[in-house]
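Engineer: Whenever a hint applies, use it, and build me the whole structure from the sequences.
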Amino acid sequence: MIETEIDGLSRMAMRLDKSLVVAVKILQGTLENRGKIVVVGVGKSGNIGHKIAATLNSTGATAVVLDSQNALHGDLGLLSDGDAVLALSYSGETRELLDLLPFIKRFDVKLIALTGKTGSTLSRFSEVTLDTSVEREACPLNLAPTSSSTAMLVMGDALAMVLLESRGFTEEDFARFHPGGSLGRALLTRVSDIMRADAELPTVTEEGNVFAALDSMNRARAGACLILKPDGSLAGIFTHGDFARSFRNDPLLGEKPVAQLMTRHPITVQADALAVEVLKTIGENRIDDIVVLNDDGKPVGLIDTQDLARLKIV
Numbered sequence: 001m002i003e004t005e006i007d008g009l010s011r012m013a014m015r016l017d018k019s020l021v022v023a024v025k026i027l028q029g030t031l032e033n034r035g036k037i038v039v040v041g042v043g044k045s046g047n048i049g050h051k052i053a054a055t056l057n058s059t060g061a062t063a064v065v066l067d068s069q070n071a072l073h074g075d076l077g078l079l080s081d082g083d084a085v086l087a088l089s090y091s092g093e094t095r096e097l098l099d100l101l102p103f104i105k106r107f108d109v110k111l112i113a114l115t116g117k118t119g120s121t122l123s124r125f126s127e128v129t130l131d132t133s134v135e136r137e138a139c140p141l142n143l144a145p146t147s148s149s150t151a152m153l154v155m156g157d158a159l160a161m162v163l164l165e166s167r168g169f170t171e172e173d174f175a176r177f178h179p180g181g182s183l184g185r186a187l188l189t190r191v192s193d194i195m196r197a198d199a200e201l202p203t204v205t206e207e208g209n210v211f212a213a214l215d216s217m218n219r220a221r222a223g224a225c226l227i228l229k230p231d232g233s234l235a236g237i238f239t240h241g242d243f244a245r246s247f248r249n250d251p252l253l254g255e256k257p258v259a260q261l262m263t264r265h266p267i268t269v270q271a272d273a274l275a276v277e278v279l280k281t282i283g284e285n286r287i288d289d290i291v292v293l294n295d296d297g298k299p300v301g302l303i304d305t306q307d308l309a310r311l312k313i314v
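Our numbering numbers the first residue of the sequence shown as 1 and each following residue consecutively.
I should point out that these hints are in silico values taken from the structure, not numbers from a laboratory.
There is no bait here: all hints are sound.
Restricting the straight-line Cα-Cα distance to at most 20 Å, the calculated cross-link-like pairs of lysine to aspartate or glutamate (EDC-like) are: (1) Lys256 - Glu206; (2) Lys25 - Asp157; (3) Lys229 - Glu206; (4) Lys25 - Asp81; (5) Lys36 - Asp67; (6) Lys105 - Asp81; (7) Lys44 - Asp131; (8) Lys44 - Glu93; (9) Lys117 - Glu93; (10) Lys18 - Asp157; (11) Lys280 - Asp193; (12) Lys25 - Glu165.
Structural biologist: Written out as structure tokens, the structure is:
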């Protein structure tokens, strides 16, 4: 069943043409002119429409769902001149939707069809058609909407994501619509807001020994210590992991200069960067601590993965 749906998506991808570009331009023009995207569908297509609308809204493209059954009883009032309508119907002949189309066309709107039948009535009514046809459903009886509803969902995602890029939507924009949860906090929070600084920042000079570095870490309850040059610039970083690995080979290393064991040129991040950059950097490099630098390249803070969990950034 999964392979059948994958095959349907692969075939749909191969059929993609300029229709998607036209659809994106229609939606972008609508949003730029303060219009909204109205999504309408019936049955399974209606369920898919709700998800597409949610994706559009989460990426800053104002979208609403029009209930086709209630539209003729007052809900059509949410439609305005200048809007764009995404109409979803695999057959393109769904009676409830076709009954609604003449009334939608009374408004100055652009109609985009997501359908598996490019010669259908819905397609003929539309400015542009996005072909979501599949050779067969994943259902063993080839009846229940499975491959077809997945294709429609994926086409909606493609439409939303290309529209996102076309509009220049950024991570900062995304954060405005997702203020709750760890994702929102990571996208809204700056490194300077969460880093250990001042008295909480463990540091020792290059001349200091391993004991001094450990004492500094213990006072700050941190897993790493910044090693500084005489002018205050960064020489390296020494972590509890460095100590544990070295101690196995030399139980008497406490009196040794920490500069002999530190990691030179550690990975760093700028203080004005977003916390999400820290998440990416830590994940890509598999490290527990990252040094924070100011605009002059001087160390001003330390990010510990424990802090990210405590602050619910992850």
